[in-house]
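Protein chains: 2
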Amino acid sequence: MTGEDLYAKVMELAKRRGFFWPSYEIYGGVAGFYDFGPLGSLLKQKIIDKWRRFIVRNHSNYVVEIETPIIGPSKVYEASGHVENFTDPIVTCLKCGRKFRADHLIEEKLGIDAEGLSPEEMTRIIREHDLRCPVCGGELGEVKLFNLLFPTQIGPYEGNKGYIRPELAQGMFVAFKRVLETMRGRLPLGIAQIGRVGRNEISPRQAMMRLREFTIMEMEYFIDPEDEEGSCPFYDRVKKETLRIRPYKAKETGEPPREYTVEEAVDAGIIIHKCMAYWMVIGKRFLESLGVPPENMYFEEKGPHERAHYSSQTFDQMVKVARWGWVEVAGYSYRGDYDLSRHMKYSGQDLTVFKPYEKPKTVKVRKVILDRAIIGRTFKSEAKKILEEASKLPEEKLEAMASGREEPVIAGKRIPREAFRIVEKEVKITGRKFIPHVVEPSFGTDRIVYVAFEYAYREKAGRTILSLPRDIAPIEAGVVPLVEKDEKLRERARQLYEILVEAGYHVVYDESGSIGRRYARLDEIGVPAVFTIDYQTLEDGTVTMRDRDTWRQVRIPLEEAPTALRRFLYEAADITELGIPVEGTGED
Amino acid sequence: MTGEDLYAKVMELAKRRGFFWPSYEIYGGVAGFYDFGPLGSLLKQKIIDKWRRFIVRNHSNYVVEIETPIIGPSKVYEASGHVENFTDPIVTCLKCGRKFRADHLIEEKLGIDAEGLSPEEMTRIIREHDLRCPVCGGELGEVKLFNLLFPTQIGPYEGNKGYIRPELAQGMFVAFKRVLETMRGRLPLGIAQIGRVGRNEISPRQAMMRLREFTIMEMEYFIDPEDEEGSCPFYDRVKKETLRIRPYKAKETGEPPREYTVEEAVDAGIIIHKCMAYWMVIGKRFLESLGVPPENMYFEEKGPHERAHYSSQTFDQMVKVARWGWVEVAGYSYRGDYDLSRHMKYSGQDLTVFKPYEKPKTVKVRKVILDRAIIGRTFKSEAKKILEEASKLPEEKLEAMASGREEPVIAGKRIPREAFRIVEKEVKITGRKFIPHVVEPSFGTDRIVYVAFEYAYREKAGRTILSLPRDIAPIEAGVVPLVEKDEKLRERARQLYEILVEAGYHVVYDESGSIGRRYARLDEIGVPAVFTIDYQTLEDGTVTMRDRDTWRQVRIPLEEAPTALRRFLYEAADITELGIPVEGTGED
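Chains as they are written, first to last, in this note's numbering: chain A, 78 to 665; chain B, 78 to 665.
Source of the hints: derived by calculation from the structure; they are not laboratory data.
Identical copies look the same in the list; a pair holds intra-copy or inter-copy alike.
The list that follows gives simulated cross-link-like pairs (lysine to aspartate or glutamate, EDC-like), each with its CA atoms no further than 16 Å apart:
(1) 127 / 579
(2) 432 / 303
(3) 238 / 278
(4) 176 / 235
(5) 92 / 258
(6) 422 / 102
(7) 254 / 102
(8) 152 / 102
(9) 510 / 304
(10) 490 / 466
(11) 444 / 476
Next up, chain A with everything else stripped away, as it sits in the complex:
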């Protein structure tokens, strides 16, 4: 089966059974938007919840989740640099008016990698190769920059511009100080968020891979830049694990990714910080737990010209999919103090962290003072004013006057050189003030939902099976009476359905059609276990429990269904451990 074939089958299943489809279909669709249907929405919720477990709950003493608005005032995105830098090159056909993303068009039509080139350079390439409008053949205009922020206006005053957030990060940076306070001021502090963002792509294609609106799962992990050890308390637990990495230098020389142990990559400086490496390991485990085999995944370092404006190192977590080859599902950036510094500057607020020393340090500092006696003698009644003014001057200014680098004029009077005196003073320092650095793992939820879905797609005996990892299956169990028309079977089946719903499971009850068709319908949407009520149920109160993947069945007492289901879904129990095997099952 080719990649295209697999993709077509996957999308057909996705639409037909209600996982996902292009939004606004009845209006002809709008590129870059997708709906999640009943099953897709459940699958997405399960994946989000798993992310929460991996990132937040497993680190609950120093990672928290918050929720901030989608709409933000202009100022925030001026500070973040997005108003200036969050752009793509665009070119317009002078004849038909169509607009294209310039670097993509150049790459597609001329085979030239134009990522990161300036608009002028791209215009030059277009002119040199006489590249024309791919639709009407008309001449193309100058390449310009198009800002990808979705603009809006907040409130009734026309000047009050706002934007839809292009990433979650700024919400965490702006709220950082308050969150830090609620966590008693301690670092490391991870602030996670899950939510929708908008990026006004010029011409989104690639279905779920490039959307204009999508859900990000992201964490800003704030650390003390001088305390690499303390910032990564669980580093030792992961340092022997391996990661497949392709440093950007290897990409330049055409080398493929290779395996490194975490320790190796950190010690060799391939990953610049232990915290980056730690969260990359967690991200790798997360994707593996969604069904992506390790050989179909690696981390690609971005080169200096490919990185976002805030990043000093970025790795993309790449996963192979049928149609598009390697796609990015997560990014790991070392954002340093870029964002907090910018917000300090734009807001005028102090966003530094104070870290007390274990015991206060006493240090000697040089200080310039004015000799009161000399000032008093020289300036008489004006002396008081001069001393007062002097006390308000910054230390550097006094020092410059004392050393002659600046005119010694205070309160309009020229101060004689001999009035300046340098003294040494002992000062007690109780701690250190600094701007935290930030490591950011950021996951594209919609792509990951697609990836999990595609990797789960199987065919067996001419039928489709969605072999999702059991713990993320949207519907957790099916309940079916063996025979459609038998009211006694139906009644018991509905009882079991209610028991499982009561126990908190998402269950489907299905009574119509042949039993084989019903199993097939449930396999196709990835229901891990199906409980069947048959005539033996009426005799001895047992039901059969069927495994989606092996089609094997076991008999268990009806009332044990919730417990068996829990063990099957969340404790990776094999179906044969859960009851008495039913002979002849396994090949339907």
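With the hints as your guide, set chain B onto chain A.
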């Protein structure tokens, strides 16, 4: 304690401990936006999950959840009527340029209820009473309508307007047909969604009560308008329950709300449809389960001029809060076929549902035909063309010609009256095609989070306790070593912490400060149970488990903590049922 005092205390706690606070504080704030901090975000998630259980999971055979985009193309909101109707009256000061919501200003300054008045009427009132700018005293301009949709642009073409959705509903209507297909075409079908919406309020005040961006939990419940019984399968389970209702007529005559049984309200036509009543009961139970006592809640019917443009009946679910009195936390609207009809018209797509009859019906229909013999005789070689044309004409047109209401001209020829013949024909009809009606319960999540928070606020012995219902407490358990400095106690405490995290709980480990201070800190954020590791733990492996509300403690074996916690949180177990009471506890 006055309402204002309670509100001030609640908000102080919310900010200090990280539940919620105004967004963009470091930039001076932007009215109408709130952040959820670490604890608020967890509380909100729990409330959302509970809603899912009440609305979706408990009705999983016919209610599903989907997720659609926040940004929508203009066409969708033209169809929905929002571009035309989703407005508030605004008035601008001609001197200082400040803008005000006209009806609120009139009500506030003149005490005149201006809701639903036209802009002209409001302008007249302003002129008559010489109402002036409350800030600068300047003259006010004409009252205009301000559209509350947040505008944006989709993609690089300037004509492509888009909006941030003001409600979730349109996403469900637009996707209705596809969702219905995945559910095998059956009604009733509830399509639920939880997500953020934007309403560009003119001057939002009232903190969390009136936001420009907030989270809605909503369901569009699609039904066959001719099958009230079948649309509401669980009606019998709720018909004896009571609801406090204030019909709009009672409001007009100044009568307070009174209790009705569901049956009574439905039979008397106070609630126009059983499905409305059913979901109102579920909504009442939901709010009760979040800690709102029944006497602080009622349903207020909206009068004809207060209802949204799509509604034929609307009830607001009102809850009493300290500062603002009665506020709306949910709305129940009978939207009829308004939305689907409009989308059919604007999209040109067929959104009707076909409902097969149990067995096909044979009905007799009158039909007008042309007598072939007469036509042949009269028109000779042109007869064929005339008969062809006639077969394409709609039935009504032929009938009008036959009855003389219209000129009998076909294919340019005058047809003699006697050529028209009326025949009776038997037609087999297999089912009925109709546009479903919609009942919509819609909940304001942020308000509900605030309500649950305020109702949980208690003071006891000079301390604050957040008595949230246990099953929505953000942090489910605390683990503390009795003594801060004892490494042995700390080690065992960390072990228990890991056990509880592994079992899926959100747990806080706290070792600093006196034990009393730690209990107080945990009570204040609503942690239902705290496990304490003390010296007896080292001897016999038991720990104490403390109840936030009664301060009573029991001893249990350490390894039973996860089970005891589950029973305490989700099965409403009393603390004293869970272990051996510790003497002298209960009054800390």
